[in-house]
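> This is what each chain is made of:
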Amino acid sequence: MKYVDEYRDPKGVHYFREKIEDLMSSSGNGCASTSTTPSISTPSISTPLSIMEVCGGQTHSIVKHGLDQLLPDNIQLIHGPGCPVCVTPSEVIDAAIKIALLPDVVFCSFGDMLRVPGSTKSLLQAKSEGADVRIVYSPMDALNIAKDLSKQGSDKQVVFLAVGFETTAPANGMALYQARKQGIDNFSMVVSQVTVPPAMVAILQNEETAVQGFLAAGHVCTVMGYQQYHAIAKQFQVPIVVTGFEPVDVMQGLYECIRMLVCGEAAVVNQYRRSVTEAGNVTAQRLLKTVFQLQDKEWRGVGSIAQSGLELAEQYKPYDALLRFGVSLEKNGVASPCISGEILQGVKKPDQCPAFGRSCTPESPLGATMVSTEGACAAYYLYRGSELCPS
Amino acid sequence: MSELESKVTFTGECPTAMSASGRVQLAHGGGGKLTQQLIEGLFLPHFSNPALDQQGDGAILNVGEQKIVFSTDSYVINPLFFPGGDIGSLSVSGTVNDLAMMGATPKYLSLGLILEEGFPLSNLDVIVASIASEAKKAGVHVVTGDTKVVDKGHGDGLYINTAGIGVIEHNQAITPAQIAPGDKIILSGDVGRHGMCILSQREGLDFSSELTSDVASIHKPVLGLISKGITLHCMRDLTRGGLATSLLELAQASVLTFALNSDAIPVSNDVRAISELLGIDPLYVANEGRFVIIAPPDQEQSILKVLMHYDVTQGAVTIGEVDTPKPGEEGVVSVINAYGVSRPLSMLTGEQLPRIC
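Residue numbers (this note's numbering), protein chains in the order written: chain A, 1 to 391; chain B, 1001 to 1357.
By construction, these hints were calculated from the structure, which means they are not laboratory data.
Keep in mind the model is a prediction, meaning the values are calculated, not measured.
The C-beta atom is built at its ideal place from N, Cα and C for all residues, glycine as well.
A portion of the hints provided could be inaccurate.
Claimed, not checked - Restricting the straight-line Cα-Cα distance to at most 30 Å, the calculated cross-link-like pairs of lysine-lysine (BS3-like) are:
no., chain 1, residue 1, chain 2, residue 2
1, B, K1305, B, K1067
2, A, K151, A, K181
3, A, K64, B, K1067
4, A, K151, A, K64
5, A, K151, B, K1136
6, B, K1148, A, K349
7, A, K331, A, K19
8, A, K348, A, K289
9, A, K127, B, K1152
10, B, K1137, B, K1148
11, A, K121, A, K331
12, B, K1152, A, K156
13, B, K1067, B, K1152
14, B, K1148, B, K1107
15, A, K147, B, K1326
16, A, K349, A, K234
17, B, K1067, B, K1326
18, A, K11, A, K64
19, A, K349, A, K181
20, B, K1326, A, K127
21, A, K181, A, K98
Stated by the list, open to error - Listed next, with one range per pair, are the computed distances between beta-carbon atoms:
no., chain 1, residue 1, chain 2, residue 2, range
22, A, G111, B, K1148, 30 to 38 Å
23, B, S1227, A, D22, 54 to 62 Å
24, B, A1338, A, K234, 53 to 61 Å
25, B, A1338, A, E330, 30 to 38 Å
26, A, E21, B, T1212, 26 to 34 Å
27, B, R1023, A, N332, 19 to 27 Å
28, A, K156, B, V1128, 20 to 28 Å
29, B, F1043, A, G111, 52 to 60 Å
30, B, K1148, A, N332, 27 to 35 Å
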């Protein structure tokens, strides 16, 4: 099985498309007669059902493959905040730039983060001003740069920008674990990690939200499992389907979610069984508990969400670059037309932003949702741009 | 609109191109939007003339009775040596291909070398031998050159510039202006090899299959088509920015719209696998031995038949056609995917892979 071929097969996509159309075209069809007593009022089939795909990778897959265009009009997809680049606070970028511009600092980051604007500029612009900013594909690459520099007798410090959800946290944690274990002292991280479940809860608690069901982030759940989602499904009476990223995954995930909505069920279902188990990757979770601890966290454009971020545990604090270089996070009140926050919470779509395609484009982004390869605005611009932008 | 915003929203009318930072960025060399902005906003206002304004792969010039094509290209590729070629062979085929795309028979090259102090002469020997070998294969002569040396720490080993002269020995006009609705779009072979090969070498990505660049001179099949009297409307070789960028440029230059069938675009399994892994779209990845032909539909089968005879164009296939655009859709290139959904291709933003050629 090649996975990529099978889960992109048009036959599979159209199979689930037809099943979704069947569900949405007549009431009560497709409900298992053995389902538990409906605990939410079955929605009228004529109103749009609103489902949020949490992960930015899922958003891109939907927009790139045009899957939303295959759905009946009474299904609305809402794009979620699962784009770690998008939710990294502007003040974190500013602090990263301050550190990157210091002499004798080699600043490493994934490519995506380089173009995100802080309050005045991006890391890429800092690079063109002389900062030693390097793209790496893994935090271990940054650690190896530190080791090499140390071997050469250099005084340089390597700093890595650690951004992401639970998907990237274990790798970032491992780099820190190894740094401490091997005594690599010329290495530190700017940490801006976030966790998904509190964000889903925050969205559900937002009065303006229309979200009735979720496609949960498949790779976050590969690490963390999905035990945490039962409580959310129960408390808010929303179906949650752990979903992959290929077209057939997304269509199957949507089908399962819509089926539960139509039948009045609120449960957690795992579509992405080839990657996700209920318990998740227990070893990775243990590593996270060793290196990180939960904290309240600021999400760019959204605000503060309780216990939604990871900071370094006590014995790893020496590897915190902000502490090491004496740089603090300074909130800036720069007014901007960017409405990323409303987009990340699913309240607005990118083409409803007055700046979309005008003063905000991938070359000159006003906010992170336009910069990141997983951002909703970038997806709309890249895959729909000429249809949406005014000529 | 604030002063900054008006600079950031680039319209191409300002005589001095202003990126938000006011500095050259790597993306200016990427072949995508920023490169185009630099050309249109900074170079053309200073140099505009009828030959340059065509913005073809080379300039068509009349010298007495003879029509010649003049083209130049610089090579800053990193690494210098890669599976399938090196900076030397690339510096010949790259310029030869630009001349061929204008329908010219490549004849002469100039060779400018910028060497870094300390660069091993043994490496230089290998590269120069490679230049000689590729020139011989292509039937071109290196007739003039220049060498400069810069201090250690500058120049990254070696940079090369080649300029080429070719002669047009037929009466066809092969330019974007010839493209017409109904024309077929033919691709000479699978895409994405060169860029992915360079990336995997540069980043030390260890795959069990070794990707080879598609570096090659492609003038022989082109001249073969012309010599058989086959009508060609336009051609473009696919370098930085890949298939997507070249087609977008042609669609915009011709003010028409192109419709592509995504299933028809050949991508090798190796390239597809690496692209998936790295999240890079092969349609935007550099090639160095691939080109597109846009020709009248009645020429399609003859073209494919001729191309089958040449190694470098064995995999040639029709991938789409040219349409009359609806109002507001001029310059759009859309791709119909396997699910029947059509989406427009966007111009590349930023620097996907620096120092690719």
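> Each hint should be assessed against the structure and marked as holding or not.
Hints, verified against the model:
Between the alpha carbons of K1305 (chain B) and K1067 (chain B) the distance comes to roughly 29 Å, so the proposed pair stays at or under 30 Å and holds. Of the supplied pair hints, the one linking K151 (chain A) and K181 (chain A) holds, its CA atoms being roughly 17 Å apart against a limit of 30 Å. Between K64 (chain A) and K1067 (chain B) the CA atoms are separated by roughly 45 Å; this puts the pair beyond 30 Å, and the hint is violated. Under the criterion of a C-alpha separation no larger than 30 Å, the hint pairing K151 (chain A) with K64 (chain A) is inconsistent with the structure, at around 45 Å.
Using a Cα cut-off of 30 Å, the hinted pair K151 (chain A) and K1136 (chain B) is violated, with the two alpha carbons roughly 47 Å apart. Between K1148 (chain B) and K349 (chain A), the direct Cα distance comes to roughly 55 Å. Violation of the 30 Å bound is thereby established for this hinted pair. With a C-alpha separation of about 49 Å, the suggested pairing of K331 (chain A) with K19 (chain A) is violated against the 30 Å cut-off. This hinted pair does not check out: K348 (chain A) and K289 (chain A) have alpha carbons roughly 36 Å apart, beyond 30 Å.
Between K127 (chain A) and K1152 (chain B), the direct Cα distance comes to roughly 22 Å. Compliance with the 30 Å bound is thereby established for this hinted pair. Among the hinted pairs, K1137 (chain B) with K1148 (chain B) is consistent with the structure: their alpha-carbon atoms are about 27 Å apart, no more than 30 Å. The suggested pairing of K121 (chain A) with K331 (chain A) holds, with an alpha-carbon distance near 15 Å, which does not exceed 30 Å. Our distance criterion of 30 Å between C-alpha atoms is met by K1152 (chain B) and K156 (chain A), whose separation comes to about 22 Å.
For the hint linking K1067 (chain B) to K1152 (chain B), the alpha-carbon distance of about 43 Å lies beyond 30 Å, and the restraint is violated. Restraint check: the Cα-Cα separation between K1148 (chain B) and K1107 (chain B) comes to about 25 Å, which is no more than 30 Å; the hinted pair holds. Proposed proximity of K147 (chain A) and K1326 (chain B) is contradicted: the alpha carbons are some 58 Å apart, above 30 Å. Restraint check for K349 (chain A) and K234 (chain A): satisfied, since their Cα atoms lie roughly 28 Å apart, inside the 30 Å limit.
Our distance criterion of 30 Å between C-alpha atoms is broken by K1067 (chain B) and K1326 (chain B), whose separation comes to about 37 Å. Using a Cα cut-off of 30 Å, the hinted pair K11 (chain A) and K64 (chain A) holds, with the two alpha carbons roughly 18 Å apart. Between K349 (chain A) and K181 (chain A) the alpha-carbon distance is near 46 Å, which puts this suggested pair outside the 30 Å criterion. The straight-line distance between the Cα atoms of K1326 (chain B) and K127 (chain A) is roughly 43 Å, outside the 30 Å bound, and the hint therefore fails.
For the proposed pair K181 (chain A) and K98 (chain A), the alpha carbon gap of about 28 Å is at most 30 Å, so the pair holds. Against the hinted window of 30 to 38 Å, the Cβ-Cβ separation of G111 (chain A) and K1148 (chain B) comes to about 33 Å, which satisfies the hint. Range check, S1227 (chain B) to D22 (chain A): about 59 Å between beta-carbon atoms, so the 54 to 62 Å window is met. Range check, A1338 (chain B) to K234 (chain A): about 39 Å between beta-carbon atoms, so the 53 to 61 Å window is missed.
Between A1338 (chain B) and E330 (chain A), the C-beta spacing of about 49 Å breaks the proposed range 30 to 38 Å. About 46 Å separates the C-beta atoms of E21 (chain A) and T1212 (chain B), a value inconsistent with the hinted range of 26 to 34 Å. Range check, R1023 (chain B) to N332 (chain A): Cβ separation about 23 Å, and the 19 to 27 Å hint holds. With their beta carbons about 37 Å apart, K156 (chain A) and V1128 (chain B) fall outside the hinted range of 20 to 28 Å.
For F1043 (chain B) and G111 (chain A), the Cβ-Cβ distance of about 28 Å falls outside the hinted range of 52 to 60 Å, so the restraint is violated. In this structure the supplied range 27 to 35 Å is violated for K1148 (chain B) paired with N332 (chain A), their Cβ-Cβ distance being about 47 Å.
In summary, the structure is inconsistent with hints 3, 4, 5, 6, 7, 8, 13, 15, 17, 19, 20, 24, 25, 26, 28, 29, 30 from the numbered list given earlier, while agreeing with the others.
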